[in-house]
Structure formats: C-alpha cells, structure tokens
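Asks: Produce the entire structure from the sequences given, and follow the hints as far as they go.
The sequence shown maps to residues 888 to 966 in this note's numbering.
There may be inaccurate statements among the hints.
[Unchecked claim] Taking lysine-lysine pairs in the DSS-like style, the calculated list, with each CA pair at most 27 Å apart, reads: (1) Lys918 - Lys952; (2) Lys952 - Lys889; (3) Lys909 - Lys945; (4) Lys897 - Lys952; (5) Lys909 - Lys889; (6) Lys918 - Lys895; (7) Lys895 - Lys909; (8) Lys909 - Lys952; (9) Lys895 - Lys952; (10) Lys918 - Lys889; (11) Lys895 - Lys945.
These aren't lab readings, by the way, just hints derived from the structure by calculation.
A quick note: this is a predicted structure, and the numbers were derived from the prediction, not measured.
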Amino acid sequence: MKAARILKPKESLAIEDLNIPKPRNTQVLIKVQSTGVCHSDLHLWDGGYAGPAGVFMKVEDRGVKFPLTPGHEVAGTVE
Numbered sequence: 888m889k890a891a892r893i894l895k896p897k898e899s900l901a902i903e904d905l906n907i908p909k910p911r912n913t914q915v916l917i918k919v920q921s922t923g924v925c926h927s928d929l930h931l932w933d934g935g936y937a938g939p940a941g942v943f944m945k946v947e948d949r950g951v952k953f954p955l956t957p958g959h960e961v962a963g964t965v966e
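Replies: Given below as structure tokens:
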C-alpha cells in the first residue's frame, strides 16, 4: 500500500510503499477512501506544539517516533 509519511518534522511528506498490516485480536483492516488533516497532524509535521507558558513541547519527547503516517480521521470500508 502507499502511504504519505512524515520522515522528519518540517520536511515534505514522502510517498512510501508499505506492507499491508494484518489485523490482530479485535482490530479491523480499513481500505481508506479519504482522510482528513486535523491540528494534531500539523503538530506532528511541525515536530511539536506550544505548551504551558508558550514552551515548545517536542512530540518526540512525548513518545512519538518518526517516520510515521499521519491521519487518524479516515473514511473507508472494512476489508
């Protein structure tokens, strides 16, 4: 499958070929028809966000690992 991925913060998205994941336990596989971009995706691309008192909070300090595929708001069909 093809995926638009964030390889590093503030760099252009890269289109990569990935293996189709195999669902486990109660998971399902969704064939994505479309996806939206929300503010949390922009924070991932930016590498962080303004925290308390305007301090920049790096997403990597909060457990995010790059590369990653953004987009958790999807529409599609269950395979």
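Asks: State for each hint whether it applies.
Replies: Verification of the hints:
For the hint linking Lys918 to Lys952, the alpha-carbon distance of about 24 Å falls within 27 Å, and the restraint holds. Between Lys952 and Lys889, the direct Cα distance comes to roughly 19 Å. Compliance with the 27 Å bound is thereby established for this hinted pair. A hinted pair counts as satisfied when its Cα atoms are at most 27 Å apart, and Lys909 with Lys945 does not qualify at roughly 31 Å. With a C-alpha separation of about 14 Å, the suggested pair Lys897 and Lys952 falls inside the 27 Å cut-off, and the hint holds.
Taking the CA atoms of Lys909 and Lys889, the gap is near 16 Å; set against the 27 Å cutoff, the hint holds. Only pairs whose Cα atoms come within 27 Å are accepted, and Lys918 paired with Lys895 is accepted, the gap being roughly 26 Å. About 26 Å separates the Cα atoms of Lys895 and Lys909, which keeps this hinted pair within 27 Å; it holds. This hinted pair checks out: Lys909 and Lys952 have alpha carbons roughly 21 Å apart, not beyond 27 Å.
At roughly 9 Å between alpha-carbon atoms, Lys895 and Lys952 fall within 27 Å of each other, so this suggested pair holds. Of the supplied pair hints, the one linking Lys918 and Lys889 holds, its CA atoms being roughly 12 Å apart against a limit of 27 Å. Pair hint Lys895 plus Lys945 holds up; C-alpha atoms about 12 Å apart against a cutoff of 27 Å.
In terms of the numbered hints stated before, the structure departs from hint 3 and from no other.
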